[in-house]
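*Asks:* Here's the letter readout for the chains.
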Amino acid sequence: MKSKSGDRTAGDLLLDMRDIRIEGFSDDVWHPIIKGVDLKLHRGEVMGLIGESGAGKSTLGKAAMGYAQPGCRITDGTIMFDGMDLRAKNDAELRELHGSRIAYVAQSAAASFNPAHRLIDQCVEATVGHGLRPDDEAKADARELFAALQLPDPDNIGDRYPHQVSGGQLQRAMTAMAMSSRPDLIIFDEPTTALDVTTQVEVLAAMRDIVEQFHTAAIYITHDLAVVAQMADVIKVLRYGETVEDAPARKMLAKPEEAYTRSLWAVRSLEKPQETSEDIILRVNGVDASYGSTIKVLEDVTIDIPRGSTVAVVGESGSGKSTTARVITGLLPPMKGDVLFNDEPLPLALKDRTKDQLRRIQMIYQMADTAMNPKHTVRDIIGRPLEFYLGLSGKKLDERISELLKMIELDDSFMERLPSELSGGQKQRICIARALAADPELIICDEVTSALDQIVQEGILKLLLRLQKEFNITYLFITHDIATVKAISDQIVVMFQGRVVEQGMKNDILSPPHPDYTQLLLSSVPEMDPDWLTQLLESRTEAGGMAASGN
Amino acid sequence: MSTDDQTYSAAGEVASVAERRTWWDRTWRDLKKAPLTAWFGMIVISFYFVLAVFAPLIAPYGESQIFDTPYAPWSSEFWFGTDQLGRDVLSRLIYGARNTIGIAVATTALSFLIGGSLGVMAAINRSWLDQALSRFVDVLMAIPSLIFSLMLLSIFGSNVVNLIIIIAVLDATRVFRLARAVSLNVVVMDYVEASRLRGESLGWVMRRDILPNILPPMVAEFGLRFCFVFLTIASLSFLGVGIQPPTADWGSMVRENAQLISFAEYDMKAAMTPLLPAGAIALLTVAVNFVVDWFLHKTSGIRDEK
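These protein sequence lines are chains W and G, in that order.
Residues in the first sequence are numbered consecutively from 1, following my numbering.
Residues in the second sequence are numbered consecutively from 1, following my numbering.
No lab work stands behind these hints: they were computed from the structure.
Fair warning: there could be bad hints in the mix.
Said to hold, decoys possible - Straight-line Cα separation of at most 27 Å, DSS-like style, residue types lysine-lysine; simulated pairs:
id	chain 1	residue 1	chain 2	residue 2
1	W	Lys375	W	Lys296
2	G	Lys33	W	Lys375
3	G	Lys298	W	Lys375
Stated by the list, open to error - If you want a taste of the chain W side facing chain G, the calculated C-beta under 7 Å gives, among others:
id	residue
4	Thr329
5	Leu358
6	Arg360
7	Tyr365
8	Asn373
As the list claims (entries may be wrong) - So these bits of chain G aren't anywhere near chain W, every CB distance computed over 12 Å:
id	residue
9	Val160
10	Ile210
11	Val286
We put the beta carbon where it would ideally sit given N, CA and C, even for glycine.
This is chain W alone, in the form it adopts within the complex (with noise of 0.2 Å):
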């Protein structure tokens, strides 16, 4: 193999990053994002950098190549590659590293690649332009590079376009792009974040692999520990731009010294003793509901919910948890079945449903940001439910406001901020605050947790069992996450391809026998076991390959 940077011995020292500092553009100030942090990655080594988000881990990836995106800007620090100054060199320089010798793994695959051309023409642009290779010699190669990450059909899958494969497809073709000039060092940037459980898995292992094959140093930059877990041979934890520690992946998983490490590896711990009640407080019967053709979405869905429990509803994209909740809402009128609320069929279009049944089913969604319109203040966000529904005003609406602001442990300084002046649990605290406003006896929750730090979910989870606890509210909750089910259901039920596969306790379920997609789903969820990885493949391989691209 012809590569730029001659032979690949092991235990080198290829990157030396010293005091690096970083500044950010906001509200006409430079702010300081990353604070004076060193970093040193050997060859074939690979170094998971995890942090919670605004912690700086993209920005100090992106500065491991030399570059600072639009808005920032590298302010002191020495970035050594392989013995090269990369904040001497100017663009045309580095222009020639990169995707050369440094590559770069973007978070959502779908929105990096050029949906006009095919992928295999995108893939070994940057090798064939760099010079490194003739165009054949590198589609060879390509190919051969599509067969090593399990791609189906690694002859001809290059000659398709983006659209035309799936969302774990796509990512190990643009591992294959970083891939294909055999570079020093990969940076990957949450690749598997925007990923179902299921598929993560095998993209994980592709990445892995190839990793090894190649010796190449790899930043791997997630928020996910148990994914690091599974990838990184050192680990550096960051937060608020600075390091807090620094590590051998085995002994910072089994022995971290910080207290900030301890908590975040402390997060999935959270499990709740599974209760029941007799009482069924919501029972979908029967729905088969559409979006307007011939195919349906949900096929004969029956779920019951008990009072005062917790329903997660778990399955991978597609599987129509998000549908069922629209039934339930009233947004999709099923054709067939229907939707009992305390034992009183309610009305399947929301436009009949009175303002008192609309009042007792709440919502809460997965994007906090876009569910509060950014023109409101949180006394306006949480006050309307009370004003529309139970016609508080002047006085004892603020009050009410204020002691609403206290159970999701916020306090009355909210009040006049605009949701883009909250951080994103805050926001979703809002957003629970505004369905508790409305005094629910149930609350939807569709992914409500998915896209926070994990200490931060930890803090929304209490709080909703916290609530729950209190008010004896029932919670349906959506999710694909099965850590966070263990964390807050009594029941659980999974759904494929728009069925319900099984309905049960949390322990029964989660205990075998399972069906096979029960088993599928769970089997697939990273555990902070760095043998976790292996294991599991190594039995699905027994299993008969169950795990070869599955998509």
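Given chain W, work out where chain G should sit, using these hints.
*Replies:* Here is chain G on its own, set in the frame of chain W:
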């Protein structure tokens, strides 16, 4: 919560809280950064505004006060001379600002009221109402608007109220399209769904959820539409179906004094007279466009690369 409080509290999460500034403060900060063209535009507009409001105080003579000498040359008594009936051109220019701009503002406001509310409604409804309104608008837009308004004005009679209503309705079609297009981006947001789930009325959703979020492009469009309305009125007046004499209006002033332009070889100043109202129209149009440009740039969120 127990031990976790040391490392995590909801209120302690980092969020960037924008400094609370008064409205004046923010406006002043924006103005300081405004380019020269925008400043020029704003100064011109405020000049016209003052002229329009205080016309009776500023104008040396009355709007339709007739003097002995028609077509009087420029002099210290009549700065820009008199017109074909012996009325002072300067005074009529000043009163013209009041009439032309006043009618243009009223017309634009009416067209935004009609087009904006129907556009937002169509975006929320998305069913037969949307189809019906959109197709009707397509039909209206297919007819050249100047000819259409000429026809309607001759049917219904040419007075100020008819003029405002007809131009407003014809112009509302374009406002409808814009309002519908920008609202479509807003109605798909979860917060609109949340409001519908809450049981909010159509009016509330339009006013509180959608309007504040589509305001910047609509305000910019208001400026542009104002220019076009203003030009349409001037054209109609020039053609004789717009604002009727003796009311002073820039469009009809151009027409009434147009023949003076052929005296250029004898008296340069007299030939300039019909160009004065035309220049007034042009200057205001340019000024409004400068301001709208700046406003659009500011709200589009494009950063100035430094």
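*Asks:* Among all the numbered hints in the text so far, which are the ones the structure does not match?
*Replies:* Hint check: 1, 6, 10 fail, others pass.
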